[in-house]
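A.B. asks: Knowing the structure of chain A, use the given hints to seat chains B and C on it.
Chains as they are written, first to last, in the working numbering: chain A, 1 to 681; chain B, 1 to 681; chain C, 1 to 681.
Please note that a few of the clues may not be correct.
Copies of the same chain look alike in the list, so a pair counts if it fits in one copy or across any two.
[Claimed, not checked] Computed list of lysine-lysine pairs in DSBU-like fashion (alpha-carbon distance at most 35 Å, straight line):
#, residue 1, residue 2
1, Lys-468, Lys-584
2, Lys-643, Lys-424
3, Lys-527, Lys-98
4, Lys-527, Lys-643
5, Lys-172, Lys-98
Please keep in mind that the hints were generated in silico from the structure rather than gathered at the bench.
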Amino acid sequence: MPRPTLIPGENRILHGGDYNPDQWLAYPEILNEDFRLMPLAGCNTFSIGIFAWVSYEPEEGTVSFDWLNRIMDRMAAQNQRVILATPSGAMPDWMAAKYPEIRRVDRQGLRAPYRDRHNHCWTSPVYRDKVTEMNTRLAERFGKHPALGMWHLSNEYSGECLCPLCRAEWAKWLEAKYGSLEKMNDAWWSHFWSHTYTSFNTVEPADSTVDGMMVDWLRFSNDRLIDFMRHEMAPLRRLTPDVLCTTNFMGTNGHLNYAEIAKHVDLIADDQYPAYSSEITDLASSGNYVAFKDNLYRGFHPDRPWMLMESCPESPQWCSPMRTKDPGLHRLEMLQAIGLGAEGTCYFQWRKGKGGMEKFHGAVVDHVGHENTRAFRGVAELGALYQRMEGVVGSKVLAEVAMIHDWESQWGYELSSGPGNGRKDYLHTAVTLHRGLWERGYGVDVLGQDREWDQYPLVIAPRMWMLKPGTAERIRDYVAQGGTLVMDALGGVCDEYNRVLPGGWPGGGLREVAGIWVEEWDWLDEKTHRTARSVDGNSLGLSGSSEVERWAMIAHLEGAEAVAIFEDGWYRGAPAVSVNAYGKGRCITLLGEPDIAVVRRLMGHLGRELHLHGAVSDLPRGVAAQRRVKEDQTYVFLQNFTKDRQTVGIGGRWRSLANDIEIEGSHILNPLGSDVLIQLP
Amino acid sequence: MPRPTLIPGENRILHGGDYNPDQWLAYPEILNEDFRLMPLAGCNTFSIGIFAWVSYEPEEGTVSFDWLNRIMDRMAAQNQRVILATPSGAMPDWMAAKYPEIRRVDRQGLRAPYRDRHNHCWTSPVYRDKVTEMNTRLAERFGKHPALGMWHLSNEYSGECLCPLCRAEWAKWLEAKYGSLEKMNDAWWSHFWSHTYTSFNTVEPADSTVDGMMVDWLRFSNDRLIDFMRHEMAPLRRLTPDVLCTTNFMGTNGHLNYAEIAKHVDLIADDQYPAYSSEITDLASSGNYVAFKDNLYRGFHPDRPWMLMESCPESPQWCSPMRTKDPGLHRLEMLQAIGLGAEGTCYFQWRKGKGGMEKFHGAVVDHVGHENTRAFRGVAELGALYQRMEGVVGSKVLAEVAMIHDWESQWGYELSSGPGNGRKDYLHTAVTLHRGLWERGYGVDVLGQDREWDQYPLVIAPRMWMLKPGTAERIRDYVAQGGTLVMDALGGVCDEYNRVLPGGWPGGGLREVAGIWVEEWDWLDEKTHRTARSVDGNSLGLSGSSEVERWAMIAHLEGAEAVAIFEDGWYRGAPAVSVNAYGKGRCITLLGEPDIAVVRRLMGHLGRELHLHGAVSDLPRGVAAQRRVKEDQTYVFLQNFTKDRQTVGIGGRWRSLANDIEIEGSHILNPLGSDVLIQLP
Amino acid sequence: MPRPTLIPGENRILHGGDYNPDQWLAYPEILNEDFRLMPLAGCNTFSIGIFAWVSYEPEEGTVSFDWLNRIMDRMAAQNQRVILATPSGAMPDWMAAKYPEIRRVDRQGLRAPYRDRHNHCWTSPVYRDKVTEMNTRLAERFGKHPALGMWHLSNEYSGECLCPLCRAEWAKWLEAKYGSLEKMNDAWWSHFWSHTYTSFNTVEPADSTVDGMMVDWLRFSNDRLIDFMRHEMAPLRRLTPDVLCTTNFMGTNGHLNYAEIAKHVDLIADDQYPAYSSEITDLASSGNYVAFKDNLYRGFHPDRPWMLMESCPESPQWCSPMRTKDPGLHRLEMLQAIGLGAEGTCYFQWRKGKGGMEKFHGAVVDHVGHENTRAFRGVAELGALYQRMEGVVGSKVLAEVAMIHDWESQWGYELSSGPGNGRKDYLHTAVTLHRGLWERGYGVDVLGQDREWDQYPLVIAPRMWMLKPGTAERIRDYVAQGGTLVMDALGGVCDEYNRVLPGGWPGGGLREVAGIWVEEWDWLDEKTHRTARSVDGNSLGLSGSSEVERWAMIAHLEGAEAVAIFEDGWYRGAPAVSVNAYGKGRCITLLGEPDIAVVRRLMGHLGRELHLHGAVSDLPRGVAAQRRVKEDQTYVFLQNFTKDRQTVGIGGRWRSLANDIEIEGSHILNPLGSDVLIQLP
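One chain only, chain A, in its complex shape:
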């Protein structure tokens, strides 16, 4: 059975963007131009109606979808697919005025005036009723429309509300979770500072001094968001059971737990704004970060492709400063996403609006109005390439390494006084370790603590701050059964309530797996680093010295081998990297934030030992490669993040789809060049 596609029955790579005809209803000549330009741009998919509520219902109860219907019909006539939005991301002014309860209350206790967007209360029954009614009408009217391809739920769900309605839900949520005040108080250690709660109703969400509570508040806000989203979906599910639902995420946003939200939608869509620019000093660093995110996103629904719901052929206007995008970078960025499992890349936005916040946001169609712009040409050329690449649809990304990522650990770490103290660097370790793999072309699946990773020969577990119940045991089993684990001394610090694990770090039983005890933490300022020197003849084959930044942990060996040791500070000689044989496997522990140099050496060593293959046979630094396979077809995607020509060793015979030539053994990429190769028999 073939892998499902983003839109059932649609085998094209989705290509298009946010289309806002509701802004141009008074300009029919513009709408005609749009439909002339769409095929010229090689576009086949458009998101419509994202902020269109007031255009459907200009006064309470008077609803009309006339303009939408006309647009949907024209789309269908041109064989375009529509990703139709529910319009809840922005309420009409009359609603905000008549029903103040819809507007959010902030941590100061102030109710927001009517402004901006993404600003409704998660709980308000009035708003929920309005949303149900609107979504029901939309589904009834367009559920069977031939242009309808997918539902786009609201827009970039985010934020929190502290209104009385949400607080009442908060109290219920707490009672449901903990059952008793005693359990809750113990979980939050709230006897501290006399905060023992004597009622579920007195828990003040705006109290950042109770960090366990704040972790729960983020969980609750995430759950409220999911609850609202599911409420939005209910009429869609009922009326259009065969149309998939998605919502657009925002990268690695630290305030939301996308891993949880993802479980409630059918497929995954990201708004990707990496602001690639050739003048970034280390473009490959941005490339690696995006790849990390893509590997995370692909993992939310591994059995389906994902897509870029928003991206940009130029630059977003909120970049400061807003640089241009160098020639080549747009194709490179889009092919990277496809290489990592996407099967659609859409843009915000099709056409620049004449006014408002995003009038200067990059788009396919510029204010000049015609197709003779650099951005339009780039989109059109990519559209043509996508047609040649249609065989990619349905293929699977190869991955040999697992990395564990946990949003709640980020919350626990950043909300704890001490380690974070305002330094929002939780992802730093994960991204650095990822780079060591990415530079070698190893495929990586980034997965939550609750996922399966036993099948991978190598598991990377960066900053696993809060252990969920069972995680430590599963890690122990994984290693005992022969797995190779790389973790760091910020793992196993707290339990699921962000309470410190007693008995010595890493806690929860991992101390035995790591074979060390971490006694003290030394958090380094920006200007201080430690030097770690490899121990001669160490079993990981490391050599030379590297820098440790941000934090260094003072540990005692309890069976582990010191692979590297600190060279300075009062704790010189203490282990900086250790490895411990445990059962049939081993646990490598980093005792400070590693620099990329040591990560490269480590991943190279492990890759050789574990016989990891990578996407290509020879990959120069700064070039990324991914492999997708489908039955007897193999595709290799290449992106050159450097400004030099680069030669990639690929082995065998391939066809370059970008250049439509045949190549053998190796392939040359231009500066910022990119390509898709299909293996020839």
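C.D. replies: Structure of chains B and C alone, referenced to chain A:
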């Protein structure tokens, strides 16, 4: 007919300051000292009663002007002129307590407690009635007093109020401006993010995401201010029709449109705090900025002199840090203002108060109490010089170049997401271009878009972001008829509603005038610049290379000549400066923020071609010169902003009024020296 | 009669920490461990119940001290002393919910939600009644308990409240202080900006533009705090008249006037978190600052020892970043306090809690749970040393120099617009001058303006901004009678209302004492300094040049001698340091912020002239020494703040208590080493 003077019938240069006897009523010996010291300081004019409300009306309805009357009489007896203030700039405590509606509401929706000053609602009927009553009483009592010279309306009007009363006016203002919601929504492009307003009453001023609305909100706040100011003036106009009204502005304040406010007052007064200090690295840069401001201010009422209502013989206490003012700088600063059209320089403040926010603000009379201070001596010496300069009164400043300045373009630019993004540098281009003229001694009139500029051989139009209706046509005509226009690629971006002009930039028809099409914008960060290299044999005679900072625009030549081209970035070779012959004239367009080096070369070339004369024949860098003429008299003002001796070529025979010597051909200025020369027959 | 001890009848050095068994009531095995570990750590004193309200009274009116009683009994059984807290520092949730008046109102007028701690209104009758009832019950139950050693009032009192109840008290306080509005308005110079108050009820505390009022608001808030504290004490005083009361201060906290608060408690306790770390570039600078603070604290109650109520064997978690504490630094820090008069050093905290804000705050007992940690061992070793040092109890610190410190001057300086302008550097001068004395081992008493200093040969009076009534006269007398005074040109600027003193600075009569008149102030930015060159043959024996930073004052000599003069700026040649013979003494005036180089030379010269002895005969730079004496015993405390070995000249024969060896003539300290020597006969 002679030019009018600041005070009808008063032919002295006004010299004096803010005088606050209401702070010293319990210290009669101090008041006596004041009247002894005033003539010693060469002062003849005092602003009185600026924050005196509570001293007139200590409880509601009990009004007495006894102390004021005594002071006015003493002033008259010493032939001093009084600039009498309306006291609305600070309400009494009892009024704030009894009528909360007078206090402003901020963007959070919170009503301000009673504190600070300049804090009353613009709309409150209670406050307006109180002001009418107070101003009526003042005019009735002192309208014919011989000391009365001028009305000083309130103080440094500024700020906004979001109270329900102001919001109701806002809705009325919008309805009056747009007539229909449809027109308003189209103007603001508010269909974006579902902000289509269905009522004039739901427009939330605290919503910075609707930038066109925010531009209108600033217009409205400015209009509210004007409306309040006109309300203040009504009883004065009625009772004292011959006494002129002014109010004190605050330089180039970006939140107010002084060009509009100026239309409603009789004469222009500025509060000038340039904080000149010889330790500023580039004192001439400050000098040029002040000259730009003076050229702007003079233009508000070109047929009348203007004045410094506040300035300082020492330093204001709010400077951080508060440096001393070097010997010479005070005279230099004051003569610069006179040279550029002022006929009065007053100080804040006459005497330092013993307490409060401004107890350390520089003054004529220090806490030490006597006249033997450096500041007092400097003021007294300037007063003596002013007596020798009385012939200057009634003369006119010579200007040969026009520069267009538009507050609304600043608002549009800074409120647009993308270009500004927090960088408050709107004036930067204007000030740099001005410097090229100022360094050569060319007189410049800085004028709004709605003014006449046809008569000038050279018009400079920096960052003309928002074109008012008719502006593009008038510019086209100006160039077609033979004018020379210098503009930049940030001109013609938006219409008067801050909506982007379609069809390619510069828009509104200017694309044809400039002979270029700007396709893309590259906003540069602080550390990035582009190099622009002059094209060999270009028609503007430019040579060499210069740096482009902040922004670089990628344009296509459509008939224009590339005068300079970019040397780096992916768009190397694209034009950096272009010139286009259009009709009988030409349009020079800067495609990036120019540095002063290229501006100097450009203005030198244009000055020669257009036969501009300048104020003197030979002006060293760092020295400023202005020329004022009256019938058969010619005055030249010179200021040396360097710490070296400088020789200025002046041609002919002159008398130095500062030194009371005769000179010929050239004049030597001491470090930080300044002088006024009168041409000898 | 022997000097009193901290706890009557207790002759041990107090050593222990904050103990929170209320967090561990569900973990009896942990409580057992605590009592096993306490003697092992050499600890004898524990603070208990600081935030225990909700554990005593989980619902309104239901009070039980059962757990406390059990703990107190176990303490008594082990001969531990308890510092028992009143629990007012954190209200229970039910109280915050039922009585909103208890929660504070901020300067925006918003009432705080229930969160954090130290958050109760100072005035609320409800809270005061609750506190009285709780404290009465505590005193009744435990007043005679053998473990009870001292009362610990609340915790780190601080902050302000602007609720209606506090505002009413504010109006009463003002009326009581000033009697008439006229006097108040004159004191605050509030005729400025029309702020003449016509009622005591309209004085808005959130108005930072009336700086004299703001000084009074800080006084009032301090008085409110004292009033609340005295209210807390009332039942304790009544029921346990023999048990001393203290509260824990927070160093040199600029918002509170500890000198005033100190008058109402029996003994002084500080929470000291110097965050000493060997990687601080200039550790001695931190050491000197702490010594300054200790000399200030000792002076609050010179007839009693003081103590560290909180300190830390590791690092507090709120340090950013949280570094480790180098080996040796903990003992060094504790011995410094003892050397300067403390007789107890307690820790926050005994044991790290599992959750909450301070779960990572350093402690004696770590999460690992056992005694085999570096921190625990360090505490235990210090406990053993304290036993050998018990003879120190009852000894007195020798001091030969007085330094005047005045919190209200700090308020006046920092609230005045101009000098401060956000630069919170009031203490800088005091600390720099102190360092000149500290480096030579001279004992210093830091005292308020209202204290006696006639007996000291040398008085240092830094930044004596606001002169209290009588201060100038007493200074004049002191100098006239032969004293040596060192002051600076920021002395004598304002009167007690922060009104500027007229007639030339330094005012209030000090101009005559200093023999100079300061005409102008030059506040320097961070990058600007002046050079001061010593005048050849000056009477203070100064030589060479030094840097003047932050501010330079331009003065005229009126009888004084210029000891150093400025070398740059327009006022080169003006005096930078002056000395004036006055009566039998002399006044040295610094006309700019001195650098440490000139301070060293000056203090060296004065020390020789005035025959100051110092604690030891030869003290290397970076080593601190203090001398304590008791009848025939002499102790010398030494701390090496450098990372080099240092040799200290001590003369005679001594026993080292740290090393238990006998030494003669000189003593060698290891890097970061410290010791206590007792003189041998």
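A.B. asks: All hints are to be evaluated individually against the structure, with a verdict given for each.
C.D. replies: To see whether the hints hold, each was checked on the structure:
1. Lys-468 / Lys-584: Within one copy only: 24 Å inside, 78 Å across.
2. Lys-643 / Lys-424: both (31 Å within a copy, 34 Å between copies)
3. Lys-527 / Lys-98: Neither: 55 Å inside a chain and 50 Å across chains, both beyond 35 Å.
4. Lys-527 / Lys-643: For Lys-527 and Lys-643, both the intra-copy (30 Å) and inter-copy (20 Å) Cα distances are at most 35 Å.
5. Lys-172 / Lys-98: Both, since 28 Å and 20 Å are each at most 35 Å.
In this structure, only the earlier hint numbered 3 is contradicted, and the remaining ones agree with it.
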